[in-house]
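**Q** As you go down the protein sequences, you meet chains A and B in turn. This note's numbering numbers the first residue of the first sequence as 194 and each following residue consecutively. This note's numbering numbers the first residue of the second sequence as 58 and each following residue consecutively.
Treat the hints as calculated values from the structure; they're not laboratory data. Heads up, a few of these hints could be off.
Simulated pairs of lysine to aspartate or glutamate, EDC-like, Cα-Cα distance not exceeding 20 Å [unchecked claim]:
1. B:LYS324 / B:GLU284
2. A:LYS207 / B:ASP155
3. A:LYS196 / B:GLU82
4. A:LYS207 / B:ASP255
5. B:LYS70 / A:GLU526
6. B:LYS272 / B:ASP255
7. B:LYS147 / A:ASP440
8. B:LYS275 / B:ASP255
9. A:LYS366 / B:GLU152
10. A:LYS382 / B:ASP162
11. B:LYS190 / B:GLU140
Some chain A residues near chain B, calculated using beta-carbon distances under 8 Å [what the hints assert, rightly or not]:
12. LYS197
13. LEU200
14. LYS210
15. GLU364
16. LYS366
17. ASP368
18. ALA373
19. HIS375
20. GLN497
Output of the computed footprint for chain A on chain B, the stretches with three or more beta carbons under 8 Å from beta carbons of chain A [to be verified]:
21. 128 to 139
22. 153 to 167
A virtual CB, placed ideally from N, CA and C, is assigned to each residue, including glycine.
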Amino acid sequence: MIKKIWLIFLRDLKVNKRDFIAVYIIAFPILFAVGINLLTPSINDTTVNLALIEGENPAQATYLKDFAKVEVFKDVLAVEQRVAKRDNIVGILPKGNDYYILQQGNEAEGVVDFAKALLTFYEQDVQIANTNAEIIELGRTVPPLKKLLVNIAILFTSVLGGMLIALNIVEEKVDRTIRAIHLSPISRKTFLLGKSLMGVLLPIYGTVVLVWITGFRGVNIFQMLVIVLVSTIISLLIGLIEGLNNDDVINATANIKILMLPMAAAIVAIELLADKWQKFFYWIPFYWAYKGNDVVLSQIATWQQIIGYSCIVLLLSSVVYIYLAPKIRKGLE
Amino acid sequence: MIEVSNLYHSYNKDGKFAVKDVSFEVKEGEIFGFLGPSGAGKSTTQNILTGLLQLQQGNVIVAGYDVKAISNKMFNKIGMSFEQSNVYSKMSAKENLDFYRKLFDVKTREPEELLELVGLGDKANVRAGEFSKGMKHRLTFARSMINNPLLWFLDEPTTGLDPAIASEIKDIIKAENKKGVTVFLTTHNMYIADDLCDRVAFIVDAEIKLIDSPKNLKLQYGDKLVEIEYIKDGETLKETLSTIQEDDLKHLQDIIGKYEVQTMHTKEATLEEIFIKVTGRGLA
Ligand SMILES: Nc1ncnc2c1ncn2[C@@H]1O[C@H](COP(=O)(O)OP(=O)(O)OP(=O)(O)O)[C@@H](O)[C@H]1O
Ligand SMILES: [Mg+2]
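One chain only, chain B, in its complex shape:
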């Protein structure tokens, strides 16, 4: 559904890359997570894939279309929910969807049905300008589904939503995916990624460090973590260390040899911890 090879992008064409030698592939029907800290290049990549940014270097095929010479028809097949909601504030929720659906050449979904789905059923005739942030976000999310996209780009779909609504949104994504929709999900949120994604890519400093399924990652790193609490110079310290990485292992042996250990247990790594392990960077 998406094929990207050797993608580079420099905003000022000055040799400083926001995206550097990025290659990956998203298969039909999967939920692919694009994970990385702020400024890693996630949005840049997504914007190139959706044609919002001009492709500079590399090859990108999206939904069968070469992004180099983008065809407007491509947009009948894709949908995108933006990180920052963007709806007409002077129009009601329903008017927003009614207008947007008419721009497409394919069969579209009923605005009422979509508003119901995201919990805005009773707000259909309220102007979006009067909506809360979360409500605008849900309207943006609903709009991205209106053309029955085969490929669905989601940029931070649950950020800023209260947990109950976030979980509803997650369920919608799962349900659409069951119907065969391919999802390209960009997020900082490792729990969402863990829960939803078939495969994830870790992107840091403009480069992809690793691509694998959360399951494989946990198998690989999961039970090989040790959480240790010990007293050093009268202070209690806490560290999480790998039992396979050379440095960590040595450090662990050091601690056990030199200090008084209070607790020590192995634990399953969260995706976040794995990310930190692999990339050496936090997600903040």
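Okay, chain A solo, but in the shape it has when bound:
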């Protein structure tokens, strides 16, 4: 059965490679990721860069390297010149027995705070092992716009997966090949699973590509994939039902696009609305998927959180499943 599911998937993939819309959908995560990179500074630019004087305090330099990117210069002047450049770098310079922070003024607020905190940590001899300061602060160094865009793009690829499913089912309908499939030793369940696989694999591939290209390489990819998997269910069901109910691609994809509406609503609610409004959006699976993606991208997610969000998405999706499953079965006749 697995082999036949795979056969159906491979056939879809082969045909999709010949179809402009399908190729575009498959290429979308790459295009979107590159777009995000062009739009927002990369994460590495906003990790904290520190400029120190070479050999002035080797122990301090070693200590700081655990938390930030450290560059050393031969004297105060060289440090000042470096800090004056346009990126997020601050200098840490000696002043008597103490140190002060040299900043240009255009650095992100968090960067300066972080440098200050680091200095304090060093003076108090706080080690990575006994603090979670590093993790939390690094989380904050991710530019919020970038994280938001990557999160949206990840949710979006799951909807695109649904579109690809619909596209491939419409093809079978237009060519009337479903009847030929029914007359082969393939059960309807196997056929549907084969047709659905694209809707799972596209978002997985898309998420990995997005995370990789945009530089979120430190995220826990397993946590990410759990969220992605559960959030594909809705798109997958909608893709199947729209594919079976439509005889042309335009109608099918237009109906699937309606999924964007609750998705956009959920994102707006989380990013812009006050706490008291949140409960009105709890019914949207994307709401929870977005929250899940957000904590994973910030690298502050616990498995407990991930499982919690996933269960909610699963629950909401199963309501949709119970409603749609009989219609899908009927659509196959």
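Using the hints provided, position chain B with the ligands relative to the given structure of chain A.
**A** Then chain B with the ligands, alone, in the frame of chain A:
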């Protein structure tokens, strides 16, 4: 190979039957023709036999499998060529067959060999979307043979094909049948049926009117037909009448008594004429 008893089917479950009390049996190795006018219930019956339609009432055994609880394994033993061709238009002829053969659990035939057989040998790498109607039909036909079916369903296998190709298709059907393949053939075309079938069933208005071999039917009805041309009120009329049916016989005597007969001869009935005689209906 096929046993059907008291089969009923109503699409809207409203007491209007597309198939009504149909019973028949197809023996191993024979070519069985299912003949009837449009809307008679041929496709409905065939779709129930192949599991495309859910069995509602009656008993159906196909290739040893009870259709009530269809097993996917059954499809390893049967093949079906559809009246409307259905192939992936975005894949080449060969890709279509390559994909389809992998769905089966039994030994399958080589796509190249099958394409050669139906005259598409030089079109193997052309996308089916660029095929003419007849070429698509031949590809659909070739595909139905790919799993070496023991039982082969053919829905209008020659409709819409030019005569030369139709005759090639007919030869293929005969050759496969010689190898032992049982054929269930659905058609309007009485010449094809006459030529190929060991036995035929006449189906009209959802019911089977008669089942017999074309040979028996001709013996029974063949030389008892009279074609008569006569002049009535200055007009020349032509009729074909039976010499055994009471009404026809009386009518014939009437004509001879009352009008001027121009020509009159007995002739062997075609299957089509027999169909009209038996069912009182044309095939159009
Ligand atoms: N899906 C359907 N829903 C409702 N009624 C149907 C459906 N398919 C066929 N029918 C009706 O059932 C009857 C038998 O149709 P069927 O397709 O079996 O005829 P057929 O003998 O195959 O005709 P043809 O030679 O035109 O293919 C017809 O009256 C038709 O209108
Ligand atoms: Mg029909």
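**Q** Each hint needs a verdict: does it hold in this structure or not?
**A** Cross-check of the supplied hints:
no., hint, in the structure
1, B:LYS324 / B:GLU284, "7 Å, holds"
2, A:LYS207 / B:ASP155, "13 Å, holds"
3, A:LYS196 / B:GLU82, "37 Å, violated"
4, A:LYS207 / B:ASP255, "44 Å, violated"
5, B:LYS70 / A:GLU526, "16 Å, holds"
6, B:LYS272 / B:ASP255, "9 Å, holds"
7, B:LYS147 / A:ASP440, "16 Å, holds"
8, B:LYS275 / B:ASP255, "13 Å, holds"
9, A:LYS366 / B:GLU152, "18 Å, holds"
10, A:LYS382 / B:ASP162, "17 Å, holds"
11, B:LYS190 / B:GLU140, "11 Å, holds"
12, LYS197, "6 Å, holds"
13, LEU200, "5 Å, holds"
14, LYS210, "10 Å, violated"
15, GLU364, "7 Å, holds"
16, LYS366, "10 Å, violated"
17, ASP368, "6 Å, holds"
18, ALA373, "6 Å, holds"
19, HIS375, "6 Å, holds"
20, GLN497, "43 Å, violated"
21, 128 to 139, "holds (count 9)"
22, 153 to 167, "holds (count 6)"
Checked against the numbered hints listed earlier, the structure breaks hints 3, 4, 14, 16, 20; every other hint is satisfied.
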